[in-house]
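The whole structure should be built from the sequences, with the hints applied where relevant.
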Amino acid sequence: MSGTPTDVKRARATGHDQRIADEVLRIGIDASAASPTVLYLLSGIAWLLIGSVAGVAASLKLDLPDWLGGVGPLTFGRLRPVHLNTVTYGWISLAGSGMIVWLMGRLCRTEIRWPGLLYASAILWNIGLAAGSLLVLFGYNAGMEWLEFPLPAAAIIALAFVLFAVSMFRTFADRQVEHVYVSLWYILASMTWFPILYVIANAGLYQGVGEAAMNWWYGHNAITVWFTPIGLAGAYYFIPKVIGRPIYSYYLGLLGFWSFALFYNWNGLHHLVGGPLPTWAISVSIVASLMMFVPVLAVAVNHHMTALGHLQSVRYSPTLRFVVFGAMSYTAVSFQGSLEATRSVQEVAHFTHYTIGHAHLGMYAFVTMVLFGAIYYILPRIAKWEWPYPVLIKAHFWLSAVGVMLYFVALTVGGWLQGLAMNTSAVPFLDTVQQTLPWLWARSVGGSMMTIAHFIFAAHVALVIYRAGPMRFAPAWFRKAEEGAAE
Amino acid sequence: MTLLPAAVVIVVVAIVGASAALAAFFWALRTRQFSIKQLNEGATVIFDNAEDIGTPTDQLFKNPPPDKDERNAH
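Sequence lines, in order, name chains A and B. Oh and the first sequence: position 469 is 468 in numbering that gives the first Met the number 0, straight run, nothing missing. Oh and the second sequence: position 24 is 23 in numbering that gives the first Met the number 0, straight run, nothing missing.
Rather than coming from a laboratory, the hints here were simulated on the basis of the structure. Don't take every hint at face value.
Just a few of them, taken from the derived set where beta-carbon distance is under 8 angstroms, the chain B residues facing chain A [claimed, not checked]:
#: 1; residue: V8
#: 2; residue: V11
#: 3; residue: A19
#: 4; residue: A22
#: 5; residue: Q37
#: 6; residue: E40
#: 7; residue: T43
Okay, the calculated bits of chain A under chain B, using three or more residues with CB under 8 angstroms as the criterion [to be verified]:
#: 8; region: 20-31
#: 9; region: 137-151
#: 10; region: 267-279
#: 11; region: 337-343
Even glycine gets a Cβ: it sits at the ideal position worked out from N, Cα and C.
Laid out in structure tokens, this is it:
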């Protein structure tokens with residue numbers, strides 16, 4: 000049986016029990032999502048490798064300023080935005096889209112509609128990314144952080160996103176389940192918000208101070224309306240699904256979503272504390288940032304109470320370990336972000352490496368780790384091939400986790416010391432730069448560890464896709480299971 | 000673009016965005032997404048009879064191993 004509606008009806012009509020009917024239905028749904036999901040995931044992983052190499056190279060150039068300094072496209076000012084754009088609009092966006100396609104079928108209990116739009120979207124998205132990255136490398140930079148891609152490349156990506164959203168909304172419209180699960184709320188909201196945000200920000204409507212305000216309205220809201228919902232949608236599905244236990248409080252889940260929608264989109268202007276904007280506008284943004292404690296606490300309590308009592312599973316399950324690491328990082332980065340928005344913290348942390356550490360705690364330790372966990376769950380179900388080498392998963396996890404923590408701690412401590420030094424008028428500026436050097440080396444080591452982890456992960460993904468390596472008839476857990484240990 | 004057309008665009012987009020959010024909220028109320036029954040049962044929609052509550056699912060090929068013909072059929 001392939002899982003078509005006819006097969007499901009036949010299974011029910013011929014006396015098969017409900018369990019088999021549900022199994023058949025799920026196989027059909029997963030099959031409908033398989034090809035577009037794999038296309039998105041593989042594209043995302045390819046951009047992860049490119050972005051990681053660009054990131055390490057950019058980081059090393061802070062340690063070795065003359066290295067590759069004579070080659071225009073490889074200067075820091077070009078490599079760094081390529082890193083940012085390829086890991087955010089490439090890796091997280093494409094792999095996140097793959098996860099969303101797969102989740103959409105499961106949460107709507109229906110086959111994916113209009114998959115042709117998804118193929119077109121993935122191809123266009125890759126073209127836009129390649130064009131944008133090359134343009135930036137050769138010096139055609141739109142000049143705003145998070146919005147470096149010139150308009151033609153950004154327009155292609157916007158079109159790709161709209162095609163993706165149309166297919167997803169069509170699938171949602173045909174759903175076979177009445178209730179909208181909390182992950183779906185995040186997914187549907189992100190697919191409504193992000194295209195509007197991206198088009199408005201790239202439309203070139205603003206000049207001067209207004210442009211700076213728009214830049215950070217966009218920069219923070221890209222995290223708000225696209226990257227964070229990807230991570231939360233994944234965590235709300237995979238933690239309870241892997242454990243086999245509903246989330247602790249569904250009420251809190253929905254409270255978290257609606258308060259998230261209410262408060263988070265006001266946060267962007269806290270990036271411009273001390274800038275030439277009306278004080279009230281920045282104050283509103285700071286207040287909204289502090290109000291983020293409401294949705295963050297709701298999500299944190301929910302995720303952690305769901306996992307409580309099942310922490311043993313985290314020792315075994317790759318998916319659970321990556322996703323729980325991501326969920327814990329979400330709590331940490333959100334608390335840090337709310338406090339970081341206040342003027343007293345900004346006085347020290349602003350314009351320092353502290354902010355870069357915070358960004359990586361969010362985009363890597365939270366969103367990326369959730370995506371890794373999701374891929375460890377999804378890919379074997381698509382390829383019908385278990386991960387062949389658990390030791391590679393273990394290496395991937397520890398290199399990523401230790402790498403990002405080293406990166407975060409180094410830039411947090413180094414950035415704070417840098418800010419204190421910059422606030423001391425007696426310290427020459429050059430001294431404030433030189434005192435950051437050991438921390439920047441630690442950053443490069445952490446980034447290199449993450450990059451090695453990504454290549455290990457990519458190689459393992461290739462083995463699963465090609466069904467290579469030893470055939471496993473046991474789950475690819477981190478350690479050999481004791482009887483009932485992961486139950 | 001001068002300030003006035005930009006402001007018009009922003010206001011129009013803001014009204015459209017806010018209307019969409021309100022429409023989604025009232026749609027959710029109308030379809031009883033927040034009814035006590037749905038809130039109580041909502042958390043269980045990710046489970047079904049084949050992957051029921053109480054069944055950890057991160058053990059795809061635990062038991063029994065699929066036979067070779069079945070695997071090759073996929």
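To see whether the hints hold, each was checked on the structure:
{"no.": "1", "hint": "V8", "verdict": "6 angstroms, holds"}
{"no.": "2", "hint": "V11", "verdict": "11 angstroms, violated"}
{"no.": "3", "hint": "A19", "verdict": "6 angstroms, holds"}
{"no.": "4", "hint": "A22", "verdict": "10 angstroms, violated"}
{"no.": "5", "hint": "Q37", "verdict": "5 angstroms, holds"}
{"no.": "6", "hint": "E40", "verdict": "7 angstroms, holds"}
{"no.": "7", "hint": "T43", "verdict": "5 angstroms, holds"}
{"no.": "8", "hint": "20-31", "verdict": "holds (count 5)"}
{"no.": "9", "hint": "137-151", "verdict": "violated (count 0)"}
{"no.": "10", "hint": "267-279", "verdict": "violated (count 0)"}
{"no.": "11", "hint": "337-343", "verdict": "violated (count 0)"}
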